[in-house]
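Chain by chain, the residues run as shown.
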Amino acid sequence: MSSVDHAVHVHRDDEGSRMGMWLFLFTELLLFGGLFLAYAVYKFSHYQEFHLAAKELNTLFGAINTIILLTSSLTIALSIAALQKGKRELSIFLQLITILFAFAFLFNKYIEWSAKFHHGLFPGSETLLEKSNGEILFFGLYYAMTGLHGLHVLIGIVIIGVMTFFTYKNRITHNNYVRLEAAGLYWHLVDIIWIFLFPLFYLIT
Amino acid sequence: MSSNENHSPGFGIYFLVWFALLILTGLTVAVAGIKFGALTIATALTVASVKSYLVLTIFMHLKVESRIFKVFVWLALFFLIVSFVLLFSDYTFWQIGD
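As given, the protein sequences belong to chains W and S, one line each in that order.
Our numbering puts the first residue of the first sequence at 1, with every later residue one more than the last.
Our numbering puts the first residue of the second sequence at 206, with every later residue one more than the last.
No lab work stands behind these hints: they were computed from the structure.
Honestly, I wouldn't trust all of these hints.
To be verified - To be clear about the criterion: a stretch of chain S counts as covered by chain W if any three or more of its residues have a C-beta under 8 Å from a C-beta of chain W, and this derived list gives those stretches: (1) 220-230; (2) 247-260; (3) 263-275; (4) 285-291.
C-beta: ideal position from N, C-alpha, C; glycine also.
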């Protein structure tokens, strides 16, 4: 009987685990915060050129990717709620949908960047180096910031993929889903960063 | 373990927040078309902040987390804002020519 008792009372501190994830997210805030600082200063020192350079970006692509990412944030939040209600299959389905949205986001990014490369607009290209300093800075920040964000989306796909596997294998369950919550927190942060990147790069024309 | 059981909200609130986020996105895109001058960027950042607030409180469950989580988030944001303020108070005295 005592062994059964032990099995039930495994020490677990879910709140501590979530706090650990939040602390990690604060370091991410600093990482992107530094880039946003650089953006802010150069935007002020090269006001007109940033306007001009932003005209090269396709607002429709940016808006579609915003909708995709916001919806993927919804599906990952729903997947946690589904598991809380004991709906395991629905949770797995919603996690897979989230991964699908993440791939769609990256696919759009790929199309978008390919078009830019096709027009000779990539870091260090001749076409770009002929432009003004402000425009070179704009595209440098654009590739660095959306690139780093894209890398986070890619990492998010791997993390959520692992969580889906864990849920499938019953290692994440109705009463033990803190890892899925942590993955969700990460995914929402990626969403929040895009919420700021979108207007700052696509909508300042 | 017990801390998990106090937040098991329905699906409805998530759909509602998602819908609000889409409306706000549409609003930013629409407003960007209007010539507001310096206000354009301020409006865009305000809307982005409102969107982030919704994601943080509802999607990221900050609303139902214990108080220390909120204190930490505000503290992190405070230091981010401090770094912006310090940078711009310094930047005012720079001369970036070329």
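Hint by hint, here is what the structure shows:
For a cut-off of 8 Å, the count of residues in the stretch 220-230 of chain S with a CB near a CB of chain W stands at 6, and the three-residue condition holds. For a cut-off of 8 Å, the count of residues in the stretch 247-260 of chain S with a CB near a CB of chain W stands at 7, and the three-residue condition holds. Chain W is given as covering the stretch 263-275 of chain S, and this holds because 8 residues of the stretch bring a CB closer than 8 Å to a CB of that chain, at least three being needed. Coverage of the stretch 285-291 of chain S by chain W holds in this model, with 3 residues showing a Cβ closer than 8 Å to a Cβ of that chain against a need of three.
Comparing the model with each earlier hint shows no violations; every hint is respected.
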